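Visitor: Got chain A sorted already, so can you dock chain B onto it with the hints?
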Amino acid sequence: MATSNRERERELRAQGDPSTTDRPAKRGLKRISPQSRWYWARLVLENPVAVASIGFILLILLATATMGLWSDQDPTRLNPADRLQSPSGDFWLGTDQLGRDVLLRAVWGVRISLLIGFSIMFLSGAIGTLIGMGAAYYQKIDTPIMRVMDGIMAFPPIVLAIALMASFGQGTQYVIIALTVVYIPVIARLARGSTLSVKNQLYVEAARSIGVKDFPILMRHIFPNIFSPLIVQGTFIVALAIIAEASLSFLGAGVPPDVPTWGSMLQEGQSVIRQAWWLILTPGAFLFVTVLSLNLIGDALRDALDPRSRER
Amino acid sequence: MTQYIIRRLLLLIPVILIVGVVVFTLVHLTPGDPAAVILGPDATSEQVERLRSQLGLDRPFYIQFVEWMGGVARGDLGHSLYLDIPVTQALLDRAQPTTTLMLYSLTISILIGVPIGVLSAIKPNSIFDRIAMMFAISGVAIPNFVLGILLIMIFAVWLRVLPSQGYVGLFQDPIGHFERMIMPAFSLGFSSAALLARLVRSSMLDVMREDYVRTALSKGVAFRNVITQHALRNALIPAVTVIGYSVGALLGGAVVTETVFGLPGMGRLVVNSIGRRDYPVIQGAVMLIAVFYLLANLIVDILYVYIDPRIRYGDE
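Those protein sequences? They're chains A and B, same order as listed. Quick note, the first sequence lines up with residues 1 to 312 if you use the numbering used here. Quick note, the second sequence lines up with residues 1 to 316 if you use the numbering used here.
Here chain B stands alone, though its shape is the one from the complex:
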C-alpha cells in the first residue's frame, strides 16, 4: 500500500509539470505585451521595462519557466502586483473561508445525497423516489450561483432570517459563522448532492439485485442490516468517484459562490485579480487549486482500497 501511494505520488510529478506549463503559459496568452497591458495606456516606457524585468519577461521563456517552477516547488508563488505582498501570503490569508466552505458543502452533499439515494433505491418508483429524483434532476440543472442568489432573495430579503453577505471566523462568533455559511454551503453543495443521490440510487439498485444480497435476505438477516452492511458498502464505491469529481466542481463553484456571498476567500481573490490584471496571483491561485484537486483525486483512489477489499493496488 505504501508502495502504491509512493508510486502514485511520483506519477503526479509529470502531471504537475504539465499543469505548471499551462499555468505559466497563461500570462503569455495575453494579446500584446503583458507588462503594457497590466500597467494600462498611461504607463511610461521605463515603467513598462521595469515591470517586464520584475516579471522576468525580458529573459528567455524556458529560463522564466524553470525559475518559476523552482519557486513553486519551494512554495514561492511570486509577488502580487496589486497587493504588494507575496502571493503565498495573499492566498494563505484567504484560505480559511474557502476551505471551510468546501468542507461544509462536501458534508452537506454527502449528508443529503447518500440517504436520499438509498431511500429511493429501497422503494424504486414510489412517490418518495419520484419526488427525490425530480429534485435530483433539477439540482444538477440549477447553477450554484443562481441557487445562491435565490436563497439570498428568500432568506435574506423576504424572510430576513439570515445575513446575505460577509464572513466571520468560527472561533470569533460560532453562531454568526454558521449563519453566514449555511446558504453558501448549501448552494454550492446542492448540485453535488443531486448528482450523488442519482448515482447512489442507481448503484444501490444494481447491488440489490446481486446474489449475496438475496442470500443475506433469505437466511434471515434483518433488512436494515442488509442495506447498511451488504448493499450500501458496495454501492458506495462508484459514489466515492463522484465525490472525488465533486471536489473539482466544488473548487470551481467556490470561486463563483464566494463572489455571490461576498466571502473573502481565494476564489474571490482570483476574480478580483482579473480586473486588476494581477497575473502572479491568478497563476499562483490556479496552480494551488489544480494541485489540491490532483491530491484530492489521489486520496479518493486510496480510499477505494479501504472501502472495497477486492481492489488491490500494486504487487501484493
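With the rest of the complex left out, here is chain A:
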C-alpha cells in the first residue's frame, strides 16, 4: 500500500500538482499520501513555524496547569513589603505595586485568555455555523437573518463589545457573551457562503432524493464539506478574542479587577511606567507571543487545508 501511495505521489509530482511539488516528503511522515484525509495534518506538522507555535501554546498551558507544583505562591496575595521589586532570583520577572509576583500573574493570565478565547471560538463557531447554514439552506429565512447579521457587523467589534459590557457590568461570563455576539456574524457569513456553494452539489441532491431529512443532510453531508474554512477562521477568532478581552480588561470593562489578566496588568503597569518596565513587558510579551502563535497556526492550517493559498 505504502509503495503504491509513493508511486502515486511521484506521478502527481511529475504532473506538477501544487500539493506535491513544493515540499519534499520527510522520513517518517511520508506514509500519509496527498489522498489521505489527514494529509493536512502532515502539512502542518512539516511546517516548523506551526510546530513551534503549537509548542508554545502547549507550553504555557502546561505552565498554568501545573502552577501549584512549581510555585507555592498565590498570584493574588498582597505583599506590600516587596512592592515594585525589579526582576531578581526571588521574583524572576519582578513584582507589581502591591508586591505580587508578575511572572505568576502572567502565567495565571494564560487561563483567562485561553479560556475566553476558546470559549468564544466554540460558542460563536457553533451558533454562527447553525445560523449561516440555516440561512443558506432555507431561502425564506435567508434575507431577514442576514440583515440582522449585517446590523451586528455594522459595529466595529470592540465598540459593540464595550457597549455590551457597559450594560452587563464586569464579569468573565459577560465578556464571553459579549464577544460571542460580536463574532457570530463573521462565522455566519462564512458558513452561509460555503453552504450556498455546496448545497446544490450532486451528493446533496442524491441524499435528498433517497429521502434523507434536512437536518442529517446539513450535518452529515454539508457540514463536513464546509468545515475547513470554518476551522481556519476559528483559529483567528481565538486570537482576535484574546486581543479584545485584553483591550476590555485594559479599559476596566472586562474581567473583574481581582482576577489577574494581561489586560488589567498592562493597565496597572501603565500607571507606574516610569518605575517598572517589567510590569509592561511581561504581560505585553505573553499577549504578543500567544496571539502571534495562534495567527501562525491559523496561517499554517489555511495553507494546509487550501492548496490554492499555498502558492503565495
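Any given hint might turn out to be false.
The following label-pair restraints were derived from C-beta to C-beta distances [what the hints assert, rightly or not]: (1) Leu-202/A - Val-21/B: 40 to 46 Å; (2) Ser-45/B - Phe-227/A: 29 to 35 Å; (3) Asp-211/B - Leu-62/A: 51 to 57 Å.
If you're looking for bench data, these hints aren't it; they were derived computationally from the structure. Quick caveat: nothing in here was measured; it's all calculated off a predicted structure. Beta carbons are placed, not taken as given, at the ideal position from N, Cα and C, and that holds for glycine.
Guide: This is chain B only, laid out in the frame that chain A set:
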C-alpha cells in the same frame, strides 16, 4: 452611478434601523432596573421614578424606541446624565481628536503598508521581503494599546523626546499637535499597515503573473511604469476592501488608543461613561460610530468603480 449611490443609501436604511434596535436594546440588557443601577444604592424611590420617566423607561418599549429613533433622525441623541448637556454636543466637543487620530493613522497605514507590500512583491523571498513580512506578521499580532504603551516607554520615559499624554489642536500649536499625535497615530495605524502590506504583496504577486503585465514588459515598457501603471492599479482593488475594513478596526482601536494617550476624544468619552453609567452618551456614541462605519464602507464600494473600470454597478 448616481442611481447606484442612491440605491445604496436607501439600502442603508434597514441596516441603520437594525443598528438602532441593537443600540437601543443595550440599556435594557442591564440586569435589574437601569434607573436604579444608574443612581446607585443610595437613591430614593422618587429619584428613581424621576429618572425612569426622564429616560422614558415608564412607557412601552416600542414607543420609547420610535421616539428615540425619531430623535436620532433629527440629530438629537438625548441628554447626558452625568455631563448635563445634550449628547450631540458632548460628542461634537470631542470629535476633533478622534477624527484627526483616525485620519493620521489611516494615512500612516497606507503610506507604510502599500510601499512595503509593493517592494516585497517585486523581489519575493529576498531579504527585504522576509524582514518586511516578519514585521507584518508581528504587526497584526501586537494589540494597538500594547504598542502604544511600549512607544510611551521608549520615547517618553527612556528617550524623553515626545510627550506621553494630552492633546493640542492643530491650529493652536502645530508642532505640539504633531508631537502628541505621532505615537497614537502610529500605534493605531501599525496593525492596519501590516495587514495592508501582506495583502498588497500577495495581490501584486497575483497581478504580476497576468498576461498583460508580461505583454507590457515584453514590448519594452519600463519596469517602473509596469509596476505603477499596470500592476499596482489592479493590485490595489483588494487593498481598498481592507482599507474599508480598517476604518472599523481604527474606530474601535481609537477608543483604546485615546485611553492610552489621554486624548480627549469620543472613545475616551465612551470609556469614561461606562463608569458613570451614562447610558445616553454610550448609546449616542455607539450609534454615531456604527453609522460612520457604514458610510465608510459605502464610500469604499463607490471608490471601486473609480479604481476598476471593469466593475459597473447598476443598469448601464
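Visitor: Evaluate each hint against the coordinates.
Guide: Status of each hint after checking the structure:
1. The hinted window of 40 to 46 Å between Leu-202/A and Val-21/B holds, with their beta carbons roughly 41 Å apart.
2. Range check, Ser-45/B to Phe-227/A: about 55 Å between beta-carbon atoms, so the 29 to 35 Å window is missed.
3. For Asp-211/B paired with Leu-62/A, a C-beta distance near 53 Å keeps the hint of 51 to 57 Å intact.
When the structure is compared with the earlier hints, a violation turns up for hint 2 alone.
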